[in-house]
Amino acid sequence: MVEPGFALAVFAGLCLLLAALLWPERGLLPRWLQFARLSERVRLEDALKHVFACRQEQQACTVDSLAGHLAVPSGEAAALLTRLARMGLLRMEPDGPALTAEGARSAVRIVRIHRLWERYLADRTGVPPAKWHDQAERMEHALSTEQADALDARLGRPAWDPHGDPIPDASGSMPPAPGIGLPAATPGRAVEIVHMEDEPPQIYDALLADGLVLGGRLEIVERSDEGVRVRAGGRDWTIDPVAARNVNVRELGPDAPVEAPTATLRDARPGERVRVVDISRACQGPQRRRLLDLGVVKGAEIVPELVSAAGDPVAYSIQGALVALRSQQAAWIRVDRNGAGARPEVA
Amino acid sequence: MPSLAPGACGGCAQHRTDSLLRLGLNPDKWDILIALAGNPNVGKSTVFNALTGLRQHTGNWPGKTIVRAEGAFAHEGKRLKLVDLPGTYSLQAGSADEEVARDFILFGRPDVTVVVVDATRLERNLNLVLQILDITDRVVVYLNLVDEARRHGIAVDAARLEQRLGVPVVSGVARERVGIDDLLGAAYRVATGQRETRPYRLEELPGNVEGTVAALAGTVAQAFPQVPNARWVALRLLNADDAVVEAVRSGELGQLGDEPPPAEDAPPPAQGVRDHVLETARRLRWELPPDFQDALSERIFAAARSLAAAVRMQGLKRARFDFDRTLDRLLTSRTFGFPLMLAVLAVVFWITIEGANVPSGMLAALLIDQAHPWLHGLAAAAGLPWWLSGFLLDGVYLATAWVVAVMLPPMAIFFPLFTLLEDFGYLPRVAFNLDSLFRAAGAHGKQALTMCMGFGCNAAGVVSTRVIDSPRERLIAIITNNFSLCNGRWPTQILVATIFIGALAPAHLAGAVSAAAVVGIALLGILTMFVVSWLLSRTVLRGEATSFSLELPPYRPPRVLQTLYTSVIDRTLIVLWRAVVFAIPAGAVIWLVSNIEVGGATLAAHGVSWLNPFGLLIGLNGVILLAYIVAIPANEIIIPTVLMLTVLTAGAAGTAPGPGVMFELDSMEATGGLLRAGGWTLLTAVNLMLFSLLHNPCSTTIYTIYKETRSAGWTALSTLLPVAIGVAVCFLVTQVWRLVAA
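Residue numbers (numbering that gives the first Met the number 0), protein chains in the order written: chain R, 0 to 346; chain C, 0 to 741.
Hint data in this document are derived by calculation from the structure and do not stem from the laboratory. These figures come from a predicted structure and were not determined experimentally. Please note: incorrect hints may appear among the correct ones.
As the list claims (entries may be wrong) - Restraint-style ranges between C-beta atoms, simulated for each label pair:
(1) R:Gly-214 to C:Ala-309: 28 to 36 Å
(2) C:Ala-715 to R:Val-276: 22 to 30 Å
(3) C:Leu-681 to R:Glu-24: 21 to 29 Å
(4) C:His-275 to R:Arg-249: 29 to 37 Å
(5) R:Pro-93 to C:Ala-269: 19 to 27 Å
(6) R:Glu-24 to C:Ala-511: 46 to 54 Å
(7) R:Glu-101 to C:His-275: 44 to 52 Å
(8) R:Asp-94 to C:Ala-715: 53 to 61 Å
(9) C:Gln-270 to R:Leu-17: 56 to 64 Å
(10) R:Ala-281 to C:Gly-519: 40 to 48 Å
(11) C:Ala-269 to R:Glu-145: 23 to 31 Å
(12) C:His-275 to R:Gln-57: 29 to 37 Å
(13) C:Thr-538 to R:Ala-205: 17 to 25 Å
(14) C:Pro-205 to R:Asp-133: 35 to 43 Å
C-beta atoms are modelled at their ideal positions from N, C-alpha and C, and glycine is treated no differently.
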């Protein structure tokens with residue numbers, strides 16, 4: 000018979016070995032995959048995307064900007080551009096590198112996969128917004144065109160990514176990002192955020208940390224050299240000029256209310272009749288569709304009827320049916336607590 | 000998504016064809032095609048059964064029909080085919096069910112679509128009716144459950160609803176066949192064109208959306224002048240709906256008009272025209288705001304609300320409504336909710352276990368103790384060679400008989416009881432109460448019910464996960480269902496606990512101690528289920544889609560007789576049949592490995608000695624491991640196989656009938672003696688109990704998992720994960736035990 004202590008030691012060793020191999024992000028296998036994706040092809044694709052982006056935004060595109068963007072020495076950046084030119088994807092113009100038709104097609108393909116993957120992460124997974132971009136950066140090099148088409152079909156052919164950028168369709172056509180830059184918005188007006196650029200991630204993280212979300216509303220207080228002063232949720236703050244350029248907004252009518260209602264269905268007391276204002280943009284994909292299908296639409300009246308034995312979920316009377324929702328879902332549903340009175344008593 | 004229990008196969012086309020042939024109607028040939036649509040849990044299946052005379056299982060649960068059920072019947076000399084579509088809240092084609100329903104209404108070209116509407120939840124149901132009216136003119140609305148609505152203080156003016164909707168509205172109670180004949184008549188008249196309809200069409204969309212939709216609808220109407228619902232087509236194109244895009248691309252859209260295809264079918268518009276439509280749709284798509292879906296839903300619900308308000312008669316007494324609410328307050332209260340739930344479940348299990356003892360014993364006496372020797376006598380008289388009668392009777396017959404004797408009685412008791420609770424509407428309340436526990440593990444509250452179902456039978460539990468409509472949570476429920484200690488494993492647990500663990504306690508406590516050990520194992524199973532659910536939802540299933548909602552239907556008085564009939568016939572017998580099909584080859588294999596000799600020893604002996612070192616390492620032995628391998632099809636025959644193999648290898652002669660013949664001994668003492676002679680210790684017993692809980696599902700369940708998930712990967716994970724856990728747990732227990740004992 001095997002010595003128990005020895006057997007246990009071998010078992011523990013096996014467990015450690017497996018963990019070392021497979022542990023998410025830190026294991027040998029994930030690390031090896033990470034290394035593999037930093038291949039030549041990935042850098043070429045990233046370079047292509049960079050040239051495409053700066054041409055679209057009409058910014059200067061140079062060897063140095065590419066080197067900075069990819070975090071590689073300028074020599075290597077120049078070599079990448081040369082290789083792309085040799086492949087017929089890029090040509091050198093007087094004002095810097097520009098994409099050929101073939102190059103633009105490849106670049107749009109990568110952009111499409113990137114945005115589809117972000118849409119996927121937003122709709123179908125619980126991955127937090129700050130991580131969408133990084134994961135999409137990885138997937139844009141990994142998915143084939145066929146896989147991207149399948150994903151597109153599965154997601155119901157979405158038109159916009161979760162940052163408000165248009166997703167190119169299979170033929171590659173797409174309009175420019177919607178709205179006007181935040182610095183161009185008229186002071187004193189209420190605006191709705193329609194696009195938030197997710198690159199560079201540091202600025203995007205700072206915007207998220209400031210509480211900005213797609214579909215959120217702001218009031219423009221003033222513009223200055225220090226940035227744009229905005230007001231929302233009862234406080235003022237300044238968004239610095241660099242960050243402000245990464246936010247696109249749509250100006251609302253002069254009488255549009257700035258303050259979004261802050262009460263959610265979660266705040267409603269049992270028996271209290273509330274009226275739905277909208278569903279938060281944080282709720283996307285099948286979850287949003289399900290709520291809409293159940294009748295959680297603007298103007299619908301909802302009454303919390305029953306609290307489950309453990310306190311969550313709560314059953315609500317929605318469009319004549321009794322439907323249980325979890326508190327996380329109830330928190331997505333913004334409601335007006337004054338618009339509807341108490342439950343009318345039926346004689 | 001069908002009902003909780005495995006009767007769902009009552010809705011499968013296969014089952015249906017059999018019954019239909021008896022009626023002399025072939026569902027492949029029909030004169031009139033009727034589609035049956037509606038929200039989940041509005042009694043669509045009841046209407047289906049009332050019309051066709053078939054017995055598809057129905058339950059008080061949202062989401063019963065997953066397979067498209069079909070039936071046929073005759074009316075006024077015509078053959079009518081009825082297709083029961085999955086219950087859906089909308090036709091936006093957001094889920095697989097919605098896609099099936101939508102595609103059938105659009106591309107299946109039914110002559111009439113019957114929409115079943117629950118009169119108690121009018122607004123939500125009208126939402127679907129309006130969406131269907133957007134697609135097709137030929138609709139009849141059946142206003143079901145008007146009796147229940149009346150008890151809840153709701154009465155609906157069917158005549159006014161008919162006037163507003165512009166299509167026939169028939170009110171009735173499908174359970175009591177009220178209004179079914181009228182419905183049939185109305186559907187027949189609409190299908191044959193005797194009755195013209197002028198369906199309600201939704202008004203304009205909010206400003207910016209309307210312009211875009213109208214522009215595209217114009218283009219569509221120009222290209223396809225015979226299409227009656229150009230606006231709807233335009234909306235779907237703007238949604239980039241693949242099926243509709245394809246119909247335009249191929250020109251098929253032109254043939255989907257409500258008129259039956261005329262002989263001189265108009266040729267589809269030219270390629271260029273069709274491409275122009277698609278190109279326009281692609282361009283206009285970018286003009287829509289990202290939240291235009293919300294606007295669409297808002298518009299439909301606003302119309303549904305105003306319709307409902309116009310046809311609902313107010314001021315009735317709401318006796319039943321208040322009763323429902325009072326009962327709900329009690330059943331979901333903080334104080335009584337959990338104790339009541341535990342009490343109900345305890346009673347169900349107690350009745351099952353107690354009630355099954357006697358019939359199980361009788362079946363075993365009949366099939367094994369009497370029929371088996373009698374068949375042997377018959378075989379000897381007929382002059383069958385020993386190997387043939389051994390193979391057939393000792394192998395195939397005995398395994399089957401064993402499975403039937405152990406499995407049938409508890410299932411025949413457990414399923415009807417569960418079905419009664421389901422019919423009444425209590426089960427959704429259990430899910431409601433337990434949801435927060437399951438949410439913490441990343442699962443759905445309804446998993447509580449599929450888990451309970453698993454205590455009856457894991458295959459049934461896996462089928463029952465269909466009530467979970469969110470894909471990720473459903474997979475978790477399927478993969479972890481095996482951790483519910485099923486009926487087939489209880490006898491093993493009880494036997495081993497009584498012999499080895501009960502014996503440790505003083506005689507008067509022995510029963511209680513062994514019972515506690517078995518309950519402890521079952522609780523360990525539940526704990527494992529939670530832990531594995533949690534791990535799955537955070538690793539491999541992190542990226543799967545999720546959408547929680549749980550509807551609490553009104554309470555309905557259960558129909559006892561019909562429940563007994565459907566749950567015994569549909570559910571129990573189907574599961575039993577599947578188990579028998581798998582037990583037959585197992586019996587054959589068990590007999591063969593015990594009788595075929597290679598190099599002076601039987602295959603079984605070779606297997607046992609080969610598996611023994613590994614078995615001992617994890618505190619079991621070669622006999623147990625071999626038994627678990629050859630008896631994969633049914634947990635019920637583990638103990639008989641273990642006993643037979645023990646005799647075969649340990650050579651304890653005198654007690655056993657012969658090689659390859661499974662048996663059980665009359666007394667616990669004798670069984671214990673035999674097992675101890677085979678080298679069993681207390682440690683072996685503990686490990687066997689653990690391994691019986693934590694090993695691969697039986698092959699019936701594996702097959703069912705494959706059928707439900709349609710994925711070899713998930714099936715493999717559900718099969719291998721429990722074995723890996725079981726081996727690891729047994730190994731750790733054994734080695735630590737030996738370390739401590741040394």
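Going through the hints against the structure:
1. R:Gly-214 to C:Ala-309: 28 to 36 Å: 34 Å, holds
2. C:Ala-715 to R:Val-276: 22 to 30 Å: 47 Å, violated
3. C:Leu-681 to R:Glu-24: 21 to 29 Å: Violated, at about 44 Å.
4. C:His-275 to R:Arg-249: 29 to 37 Å: Given range 29 to 37 Å: holds, Cβ gap about 31 Å.
5. R:Pro-93 to C:Ala-269: 19 to 27 Å: Given a distance of about 46 Å, which is not inside 19 to 27 Å, the answer is violated.
6. R:Glu-24 to C:Ala-511: 46 to 54 Å: 50 Å, holds
7. R:Glu-101 to C:His-275: 44 to 52 Å: For C:His-275 against R:Glu-101, whose Cβ atoms are near 27 Å apart, the range 44 to 52 Å is violated.
8. R:Asp-94 to C:Ala-715: 53 to 61 Å: 57 Å, holds
9. C:Gln-270 to R:Leu-17: 56 to 64 Å: 58 Å, holds
10. R:Ala-281 to C:Gly-519: 40 to 48 Å: Holds: the Cβ-Cβ distance is about 43 Å, inside 40 to 48 Å.
11. C:Ala-269 to R:Glu-145: 23 to 31 Å: 30 Å, holds
12. C:His-275 to R:Gln-57: 29 to 37 Å: Distance hint for C:His-275, R:Gln-57 holds at roughly 32 Å.
13. C:Thr-538 to R:Ala-205: 17 to 25 Å: 31 Å, violated
14. C:Pro-205 to R:Asp-133: 35 to 43 Å: For C:Pro-205 and R:Asp-133 the Cβ distance comes to about 37 Å; the hint holds.
Consistency with the previously given hints fails for numbers 2, 3, 5, 7, 13, ordered from lowest to highest.
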